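Take the sequence shown: its letters are residues 1 to 319, numbered as in the working numbering.
No wet-lab data here; the hints were simulated from the structure. Wrong hints could be hidden among the right ones.
Within a straight-line C-alpha distance of at most 30 Å, the following computed DSS-like cross-link-like pairs (lysine-lysine) qualify [said to hold, decoys possible]:
id	residue 1	residue 2
1	Lys190	Lys202
2	Lys190	Lys264
3	Lys89	Lys105
4	Lys73	Lys102
5	Lys73	Lys104
6	Lys274	Lys190
Keep in mind that this is a model prediction, so the values were computed, not measured.
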Amino acid sequence: MPEWIKLFLKVIGLFLVLLVVAGGSAYLTLRVLVPPENIKVPQIVGEKLDEAAIILSNNNLSLRVTGEKYSAKVPPGVVISQVPSPETKIRKDRSVEVVISKGKKTVSVPSVVGMEFREAKVFLSQIGLKIGCSGYIYSPFPQDEIVAQDPSSDGQVSQEEGINLLISLGFEKDSFYMPNLVGRKIGEVKALLEATFLSIGKIKESTSGKEGVVISQSPPLGSIVTSGEEIEFTVGVGSREEKSPLPKDEWILIKVEIPLGLEKRKVKVVVLDKEGSRTIDYGWRSPGEELWINSRVRGKGEVRVYIDDELFQVEEVEG
1 MPEWIKLFLK VIGLFLVLLV VAGGSAYLTL RVLVPPENIK VPQIVGEKLD EAAIILSNNN
61 LSLRVTGEKY SAKVPPGVVI SQVPSPETKI RKDRSVEVVI SKGKKTVSVP SVVGMEFREA
121 KVFLSQIGLK IGCSGYIYSP FPQDEIVAQD PSSDGQVSQE EGINLLISLG FEKDSFYMPN
181 LVGRKIGEVK ALLEATFLSI GKIKESTSGK EGVVISQSPP LGSIVTSGEE IEFTVGVGSR
241 EEKSPLPKDE WILIKVEIPL GLEKRKVKVV VLDKEGSRTI DYGWRSPGEE LWINSRVRGK
301 GEVRVYIDDE LFQVEEVEG
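Start from the sequences and build out the full structure, keeping to the hints where you can.
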């Protein structure tokens with residue numbers, strides 16, 4: 001290679017080196033003498049991820065996702081926090097770090113239908129679920145048994161929402177207003193109560209009224225009562241002289257179960273006490289029927305129950 005070409009190349013190389021050095025010096029001088037542009041960080045909390053990125057880009061900033069969190073209030077894909085905070089001044093082209101919502105944390109819904117309410121409550125609390133709304137309904141299922149749920153067992157639900165339950169009250173009982181039975185004979189009262197599916201509770205005695213007649217009742221007239229409820233009575237036993245006390249009267253309630261069979265059975269009751277013997281005819285009764293017999297026994301005695309003229313049951317009273 002000719003000498004003049006070598007010399008020319010050396011000059012060109014030296015020129016390029018000087019040009020790079022001069023450019024670098026100029027850049028450093030500008031960086032030192034001219035401060036970089038600071039930009040206010042915009043508010044992007046509450047924005048969707050793609051919209052937040054556009055907002056930052058328009059302000060010469062970039063976005064960097066640093067994490068995700070479950071949130072019951074913020075929909076998925078929406079910014080729930082940012083660093084730096086809004087209005088903070090940072091250099092151009094810096095990144096803003098954000099945390100994105102994952103939405104509500106949901107769990108698979110278990111089936112609690114058929115469980116007793118208290119059992120279901122404990123079970124749900126153990127897996128981190130709560131009970132939302134509880135409703136009650138009369139049904140053929142046992143009382144306090146869960147008959148329906150929302151969501152169903154194949155769904156998803158957030159821990160904050162919980163599960164709504166429908167709970168059985170059992171069979172619906174008939175309810176009605178309590179009639180006035182004061183002044184009626186206790187035997188007549190018993191027949192009336194059987195017709196309304198009420199039962200006789202405690203029977204107290206009083207010498208202030210006529211013998212065998214109801215003096216007071218509880219619940220009183222006009223009260224709301226339901227089938228199966230027990231009604232208490234005070235029954236008169238007639239006047240008694242202190243000098244010559246009469247034998248004590250006692251009312252006893254006897255349950256008689258009519259034997260099973262194909263035909264009705266004839267029932268009668270014989271009461272033996274201080275007054276002698278008296279027979280009460282209860283007529284023909286169906287097989288399997290439960291018959292409640294309420295009898296007054298004066299002093300020591302016994303009540304004999306006959307079915308088809310055969311002794312079936314005996315209740316003794318000490319008096």
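Against the structure, test the hints numbered earlier, and report the numbers of the ones violated in rising order. As far as the earlier hints go, only 3 is violated by this structure.
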